[in-house]
Every structure is written in C-alpha cells, then in structure tokens.
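> Residue numbers (full-length UniProt numbering), protein chains in the order written: chain F, 1 to 293; chain D, 1 to 213.
In short, the hints are calculated from the structure, not lab data.
Treat the hints with care, since some could be wrong.
Okay, the calculated beta carbon distance ranges per label pair [said to hold, decoys possible]:
no.: 1; chain 1: F; residue 1: L62; chain 2: D; residue 2: T149; range: 28 to 36 angstroms
no.: 2; chain 1: D; residue 1: R63; chain 2: F; residue 2: G262; range: 25 to 33 angstroms
no.: 3; chain 1: F; residue 1: A291; chain 2: D; residue 2: S108; range: 54 to 62 angstroms
no.: 4; chain 1: F; residue 1: G156; chain 2: D; residue 2: G41; range: 31 to 39 angstroms
From chain D, some residues computed to sit far from chain F (all C-beta separations above 10 angstroms) [what the hints assert, rightly or not]:
no.: 5; residue: A32
no.: 6; residue: E37
no.: 7; residue: W74
no.: 8; residue: I87
no.: 9; residue: P90
no.: 10; residue: E120
no.: 11; residue: R205
Quick caveat, the model's predicted, so the values are computed rather than measured.
Ideal Cβ positions, reconstructed from N, Cα and C, are used throughout, including at glycine.
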Amino acid sequence: MTELAGLSVLRPGPLTTVQDLGRRGAAHQGVPRSGALDEPAHRAANRLVGNPPGAATLETTLGGITVRALGAPLLVAVTGAPAPVRVDGHPAAWGEAVRLPAGATLDVGAADAGVRGYLAVRGGIAVPPVLGSRSTDLLTGLGPAPLRAGELLPIGVPDDAAGRPAAAELVPLPAVPTELVLRLRPGPRADWFLPGSLLALARARYRVAPASNRVALRTEGPALIRARHGELASEGMVLGAIQVPPDGHPVVLLADHPVTGGYPVLGVVPEADLAAAAQARPGTPVRFVPARR
Amino acid sequence: MDRRGEVAVHPVGDHALLLEVDSGAQVAALYARLLAERARGGLGEVAEIVPAARTVLLDGLPRPTDLVGELAGWRVAGDAPPEGPLISIPTVYDGADLAVVAAHWGVSVEEAVALHSGVEYRVAFCGFAPGFGYLTGLPADRAVPRRATPRPSVPAGAVAVAGEYTGIYPRSSPGGWQLLGRTDLMLWDAEREPPALLTPGMRVRFVPASVER
Numbered sequence: 001m002t003e004l005a006g007l008s009v010l011r012p013g014p015l016t017t018v019q020d021l022g023r024r025g026a027a028h029q030g031v032p033r034s035g036a037l038d039e040p041a042h043r044a045a046n047r048l049v050g051n052p053p054g055a056a057t058l059e060t061t062l063g064g065i066t067v068r069a070l071g072a073p074l075l076v077a078v079t080g081a082p083a084p085v086r087v088d089g090h091p092a093a094w095g096e097a098v099r100l101p102a103g104a105t106l107d108v109g110a111a112d113a114g115v116r117g118y119l120a121v122r123g124g125i126a127v128p129p130v131l132g133s134r135s136t137d138l139l140t141g142l143g144p145a146p147l148r149a150g151e152l153l154p155i156g157v158p159d160d161a162a163g164r165p166a167a168a169e170l171v172p173l174p175a176v177p178t179e180l181v182l183r184l185r186p187g188p189r190a191d192w193f194l195p196g197s198l199l200a201l202a203r204a205r206y207r208v209a210p211a212s213n214r215v216a217l218r219t220e221g222p223a224l225i226r227a228r229h230g231e232l233a234s235e236g237m238v239l240g241a242i243q244v245p246p247d248g249h250p251v252v253l254l255a256d257h258p259v260t261g262g263y264p265v266l267g268v269v270p271e272a273d274l275a276a277a278a279q280a281r282p283g284t285p286v287r288f289v290p291a292r293r
Numbered sequence: 001m002d003r004r005g006e007v008a009v010h011p012v013g014d015h016a017l018l019l020e021v022d023s024g025a026q027v028a029a030l031y032a033r034l035l036a037e038r039a040r041g042g043l044g045e046v047a048e049i050v051p052a053a054r055t056v057l058l059d060g061l062p063r064p065t066d067l068v069g070e071l072a073g074w075r076v077a078g079d080a081p082p083e084g085p086l087i088s089i090p091t092v093y094d095g096a097d098l099a100v101v102a103a104h105w106g107v108s109v110e111e112a113v114a115l116h117s118g119v120e121y122r123v124a125f126c127g128f129a130p131g132f133g134y135l136t137g138l139p140a141d142r143a144v145p146r147r148a149t150p151r152p153s154v155p156a157g158a159v160a161v162a163g164e165y166t167g168i169y170p171r172s173s174p175g176g177w178q179l180l181g182r183t184d185l186m187l188w189d190a191e192r193e194p195p196a197l198l199t200p201g202m203r204v205r206f207v208p209a210s211v212e213r
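Looking at chain F on its own, in the form it has when it is part of the complex (with noise of 0.2 angstroms):
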C-alpha cells in the first residue's frame, strides 16, 4: 500500500502555475486554450518521469520554486529555462530524472538564461481538472490559482503501463534566444494594413516588451500603420495570431490568449516557433521572417 503523495510549497517564486497541454474544444463558450507556454520543454519534463504526456508540470517564471516532498519518495525532472537545482542543498541534475526521498526539499533556483522552468513529478500534479485540464489560465481565472506558499499539491498515482522514466534520455537545452526569430505567414488582416506592413515588420527591428506575459508577448519597435480605421468586428483568434492593437506594435497571442478579439490579424507565427517565445526575456531582440505556404 503507498502513502498518498504530495508536494509542499516552500517557495512558489515570482509566478508558478499548473499547466499540460490546456484545454480545447471550449473556446466557443469563452474558454481559452491555455497549457504549457514551451511545450517541447513540458513534454520532456514529462517524458524523464515516465508521465504520459498531458500530465499536468508546474511551470515557473525566472525566479524558480522551492518544494518538498510530502508522505512518499517522489521522481521529478526540471526541464525548460537553466537553472540550478539542488536537492537538501546538494547539487542535482537538470534535464534527468532525480530521485527526492520523502521530506526532502528541491530547490530550483533563477534561471541562468530564459523565462520558464518545468518542473515534472512522477505520476503528474493531480489536481482537480477543469473542463478536461489542469491548466492555470491567468486570463480567466479557470484551473488552479498561481501557487502560494504553504500549499499542498496532490501527486497522481503513477501508471506504470503509460511509461517507465526516460533515465538515458539527453534533454537537449530549450531554444533561449539571444535574438528571437519568429517565422510568420499572412494573417487575415493584412489588408488593414499599409501595403507592404509585412515586408516593413520583416525588416523592422523589436524587442520583447516587459508587459509580456502568459496572454501575449508584446513588442517594442516602430508602430505599423494602418490603411483601414475604424473597429474590427470582434472574430475569432489563433494562437501564435500576430494581433496590432492602436499604438502599433505588434503582439504575437500566447496560450492564455482570448477566444475573440477586436484588433486585426497581421500574421501568424506557427506554433513551433512559440516555445522560443516563451523563452525570451524582456529586452531580447526580436525579428519576424516570412515564411513561404
């Protein structure tokens, strides 16, 4: 018989949250997509541990997480932006499996380069899903609250049939971008724009804004200008949708983006490029190439 398992928030760092791979299928009723911002890192996090992988991971942001392990052995991997890890103030593995015997604390501490750790517990964070996932979504409010210190996070019981931990596997190291390049097609909307926006955001020169967050990240550069004025009728947005509000600046929408939206679609980026978004820190160069259909 095991022991019920569990985690203890000891320090939840600057934003921590429950994420997998979100929720669809609900976006018609205003339900956003949400789940892990770096998706490949999740999923690696969750491979290392033997978890199938839609188990839900904590997802960090820059400053890490303390925990300790409550009632059982645990087997957690911390993926995603570099960072040091210790286990009772032993260094530990980044990218491996690392066993946490019962009551012991792991620290993950500020990531060296990039914005969002995973961190993966064997048999996954067993939270009580909403609408099919345990996915925090910070634009609603849906899913479980950012971690405060002090709580208590339930473990699932592992499935030994749905995979034994990847203990050879090497997790290659997540793409932290000096110089984030964001490949993109044509939106929907390009013709509320000046002919030629695309080739003008292609050879513009951006930043990442710090008001990025888990909804969009946002951009500082030359505004792009608009042909056509006046509202768009609200419609239906994508993920990765590269949306221009009023001032001009683009903002590329990220898991927690809203169903609908009012600002017109310049371009999209393709989801593939979006892990390396979410790994981009405020201040990081950010150049838009298009990419061929």
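Following the hints, put chain D in place on chain F, whose structure we already have.
Using the frame of chain F, we list chain D on its own:
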C-alpha cells in the same frame, strides 16, 4: 457590397480558417450548418468552431487547404436563424446606468425596461470571459456606446448593454458596458455540462423580477 450570403474563406496560419459573411444572422446560419456538418463527419478533424460577430473560426484543422474549395462554395441564408432552445433570465432592473441608457434612447426608465425585456435575443457568440455571451436582438437604432471610463469591478450577474449587444457578466470583472440590472442565475459553473448557461444559438428573454433578493 452584396455577396448574397457567400462565404469568404481566409487562411489563418497553418491550422485554421476564418470564414466571413456579411451579417450576424448569416453567422448564425453558417455556425448551425458547420455544427451539422461536423456532426455528420463532413469537416474531418476540427478542434474548435468559434462564431463571432461576422465570422466563424475553424481551428485545429490538420490540413486547412483541403477544406477551402468546399467552404468557398457555400452560401448561407441571413434572414431566419435556426431555432435554438429558449431560456428566461429573471432580471432585477436596477442597474447603475439604467437612467443613462433610458435617456440615450429618449424614453422613461419604465419604457426602457419594457423595451429591453420585450425583445427575444439570440446568443451570437461568446468571448471576453468564459460564459459571457454576446446577445443580439436589440434593434440597431438602440445601440448604446460603452462607458467612457470602464468600471474597475462589475458584479457577477450584471445585465449590461454595449453597441448592439446585451451581455451578462459571469463573474466579477472590470467592464465598460452600461449596467441595466442583475440576475441571480449562474452564468458559468465548471461542474455543469456545458459549464456556460448561454451557448451560441440559444434564444434568451429577460423577465423583469421584483427588487427583493
């Protein structure tokens, strides 16, 4: 421009198509047809069908280009939206902006209540927050501007108007819509199936209720 219900198809990235028509009524017809088409397997894999003011977004398509040819040939009617289920919303008309809206309409407060509760609405689309439906039904000449300064906190259950739409706040949030009243009905309940009380296509009536609560 009269495209007579023709559906314009815009590709959006690698996995989505934005279908555009000319009116909210055409969106209703197009949305109903897409749901029927999906139910009989005609659309293949699609994760989301998201109606909005003049568009319907199909998202999560493995190969959107496969559908473009078929959808571009569609035409939709724009006069009679299909009949959805009807729900009554008991509403206490005591909102902070009721007098402002009545003045905007050039009627008394009592007439404004009669006017707002005398119309059958339709849930055109959801957005802004889970369970927040944009309800159409008010005549075009009753459109009202948003408040110049949004309120930092609008209470859950507030019945409000902005532009051509009526909406009900599912939870307390900031908001710039003009408040007409309130209802005790729970607009969003994650334990309920579906969690949203109002989903696109439903018909809605507001029934004036007494002030006590």
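> Each hint: holds or not?
Right, here's what the structure says about each hint:
1. Between L62 of chain F and T149 of chain D the Cβ separation comes to about 34 angstroms, which falls inside the hinted range of 28 to 36 angstroms.
2. Taking 25 to 33 angstroms as the suggested C-beta distance range, the pair R63 of chain D and G262 of chain F conforms, at roughly 29 angstroms.
3. The given range of 54 to 62 angstroms is respected by A291 of chain F and S108 of chain D, whose C-beta atoms sit roughly 59 angstroms from each other.
4. Take G156 of chain F and G41 of chain D: their Cβ atoms lie about 34 angstroms apart, and the range 31 to 39 angstroms holds.
5. Even its closest Cβ contact with chain F, about 12 angstroms, leaves A32 of chain D beyond 10 angstroms, as expected for a residue assigned away from the interface.
6. The Cβ of E37 of chain D sits about 15 angstroms from the closest Cβ of chain F, beyond the 10 angstroms cut-off, so the non-interface label holds.
7. For W74 of chain D, the condition that its CB be more than 10 angstroms from all CB atoms of chain F holds, with the nearest at approximately 17 angstroms.
8. For I87 of chain D, the shortest C-beta to C-beta distance to chain F comes to about 15 angstroms, beyond the 10 angstroms cut-off, and the non-interface label holds.
9. At the 10 angstroms boundary, the C-beta of P90 of chain D stays outside the reach of chain F, the nearest C-beta of that chain being 22 angstroms off.
10. Every beta carbon of chain F lies more than 10 angstroms from that of E120 of chain D, the smallest distance being close to 21 angstroms; the non-interface claim holds.
11. R205 of chain D, annotated as away from the interface, keeps every beta carbon of chain F farther than 10 angstroms; the closest lies near 21 angstroms.
Checked against the numbered hints above, the structure violates none of them.
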